[in-house]
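Residue-level listing of the chains:
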Amino acid sequence: MEKLLEGFLNLNKIWFGLIFVGSVLNAIAKEITFFIGVPYITLVCFFIGFMVGLLAHIRGKWLWV
Amino acid sequence: MALGIEINSAVPEEFSFEKEKAIAKKHAQRFQWEMILIGVGQACVWFSLWPLVMKGIIPLWSGFIIACFCACMSYLPSHEAQHGNYSRGNPKRRWIDAFVGNFTLITLIYPYEILRVTHMKHHAYTNHEDKDPDFLTSNAKSVFEVMHLSLDGTSTDYEKYKEIYSNDAAFQKSFDKGVKVFLAYRAILMLLVFLFPLQTLLLWWLPAKIGIIYTTLFFSYYPHIGTETGRYKNTRFWQHWMPRYINHSMQLHFVHHLHPNIGHYDEPKAIEELKPFLIARGVPGAEEIPDRVTYNPLVKI
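Here the protein sequences come in this chain order: A and B. Just so you know, the numbering used here puts 60 at position 60 of the first sequence, and the rest follows in order with no gaps. Just so you know, the numbering used here puts 102 at position 102 of the second sequence, and the rest follows in order with no gaps.
Same shape as in the complex, but just chain B (with noise of 0.2 Å):
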């Protein structure tokens, strides 16, 4: 990571990267329960959906929309797990890192140890050409070809990444780990659709795959289009007509770059305290940022 060229270079002292460092820690410290709740609350609704249908209680459209709603929410609480915002680095709470992790995902048919391990080195190699997971998708034309990446299954090539992380030990055993997981997945839903076709394509396969478009635009092609390399530069503040809340507050996504882990919830906050540090830092749209982060438009133009 480009981290130590670029925190040293020439800003105020009162800007420091210390001093920045320390505001974030101070919105690194929160439990993040919302996230567990819609994680695990998501993950239960898309559950109690198989017997509402099979039963005939709610019409397989009505499952259809629901699944996909519950798709979209899935990546979000997986997200905080990978960076172990649930735990915080207490090793007596890593469980709920997994658990949650683990469990949020069902809905969209991925193994959270692929997830996390590719993630870290996203966040390690952001923007790079060969070693971001996430270079296809935050560099993408147009939403259109992120749609294809994403139904094509080629948005991340995780083959590709296993290989090129060779030398890194633990990259390789969390790997394998989710590929275990990758398999009795398929196994699963091979099962699943032999038995109940129609419920298994419209409660689990097309939401899973609409849930991983909407994922993959709103968390790696809007945050990133037109961005570079560099710690203050890989990520930007964007805007979209959606209230935040319905894309994940994604627009807040370059603070979560600075700052992993800042729980989600806390970014707002974080923003309007660090709003001068990243102006010194020359920020693109730094100075657009609202005084009071609320709904949109998070950048006023």
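For reference, chain A alone in the conformation it holds in the complex (with noise of 0.2 Å):
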């Protein structure tokens, strides 16, 4: 249990990136016209989210600068 624990919060940036960041992206374009329609919306916003946790888990860091 500690071990699988420890292997969830390793991942702690993804898992944040794809949770955090997905939804407020599909929170964002649920909100802007130009988005509505737009098929798999949800999908896309989640699956950005989990690259920018991604990436902010091989990077080791969230920002650029």
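Check each hint, because a few of them may be wrong.
Okay, derived cross-link-like pairs now, EDC-like style, lysine to aspartate or glutamate, Cα gap no bigger than 16 Å in a straight line [stated by the list, open to error]:
#	chain 1	residue 1	chain 2	residue 2
1	A	61	B	157
2	B	180	A	6
3	A	61	B	145
4	B	269	B	291
5	A	61	B	152
6	A	13	B	152
7	B	180	A	2
8	A	61	B	159
9	B	162	B	176
Hints in this document: simulated from the structure, not taken from any laboratory.
Mind assembling these two chains? They're in different frames, but the hints should get you there.
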């Protein structure tokens, strides 16, 4: 159980990207008329969030500067 | 701490460390009710924002502004708790330290126990490159660097300090306690953002980030710019365009490092009384302290 939790936490940036960034992007997309009706917009938002988290995980930090 | 070395340095008897301590003790008695009011008050206001925004009573943007203000007010009451300034050594009142310390930090999404133990190490090893957990931010080269460190979440590399103090059992115990709170915060944040994404972003996460930048700038960066190690050299008197209540009177941070048990709102009086002692010790800028500490500027230029 502890190892599972540890593994989960080691990927914290990816989880944060997927859940937090993904959810926020999805909510923003729903507010913008342009994106209404775009197919798979929710999936795209969560995928972008996941990619942001993955990049941060690989780089070891969030910001580019 | 270099306390033992410096307090014995040659100063006239009338400005001895014992006398300095006696004055400090006089100002370290009062119950810090204002701080409890600020800490508990801001957290309650912040909690109330959620139903107010959800029910459409106030718009999200105004909730965001209020949440940012709450986040900026949330650290100082916890800081008093970290020094035990509510209980003042009375075991029956220790729950006040723990309650205020934890409750007020909800807005900042920070675990009290981790902040408490790392802050104690900051006091013990101020400006020590390896041992001071605030070293990176208090020795940053610019405001921008502080903002960058705070936003990137690397302002304090807590894992590093857990390793440095691996032989300190009390540190480890409190740290591990704090980690559990941190994990709980993370879980709640993830659940909330999934259910209420924009509200979580604008009422909690972003205000917390802004609060952390504000806190790091005024508590860690400005009071320690260009200072060195040593009891009378590790903090400075400084000036800012803001009235000092807006920057939490951190221009008085010097006296806090000398005597952390002086309550925050009693520091001006303590500084007025301690001024001759600070001049005798050669504290930079001490001669410029006005006889009565009111608003800005603290130090005359």
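- Query: Would the pair residue 61 of chain A and residue 152 of chain B pass a check requiring their Cα atoms to be no farther apart than 16 Å?
  - Reply: holds (7 Å)
- Query: Taken at face value, is the distance from the CA of residue 145 of chain B to the CA of residue 61 of chain A at most 16 Å?
  - Reply: holds (15 Å)
- Given the hinted pair residue 269 of chain B and residue 291 of chain B, is their alpha-carbon gap at most 16 Å? OK: residue 269 of chain B and residue 291 of chain B at ~10 Å, within 16 Å.
- Message: Hint check: residue 61 of chain A vs residue 157 of chain B, CA-CA at most 16 Å. Holds or violated?
- Response: holds (12 Å)
- Message: For a C-alpha distance cap of 16 Å, please report whether residue 180 of chain B and residue 6 of chain A respect it.
- Response: Holds. Residue 180 of chain B to residue 6 of chain A sits at ~13 Å (cutoff 16 Å).
- Item | Distance restraint between residue 180 of chain B and residue 2 of chain A, which requires alpha-carbon spacing of 16 Å or less | Given pair residue 180 of chain B, residue 2 of chain A holds - Cα atoms ~13 Å apart, limit 16 Å.
- Query: Can the restraint linking residue 13 of chain A and residue 152 of chain B be considered satisfied, given a maximum Cα separation of 16 Å?
  - Reply: Between residue 13 of chain A and residue 152 of chain B the Cα gap is close to 12 Å, so the pair holds against 16 Å.
- Message: So if I understand the rule, the pair passes when the alpha-carbon distance is 16 Å or less; does residue 61 of chain A with residue 159 of chain B pass?
- Response: holds (15 Å)
- With a cut-off of 16 Å on the C-alpha distance, tell me whether residue 162 of chain B and residue 176 of chain B pass. holds (9 Å)
Of the numbered hints given earlier, the model fails none.
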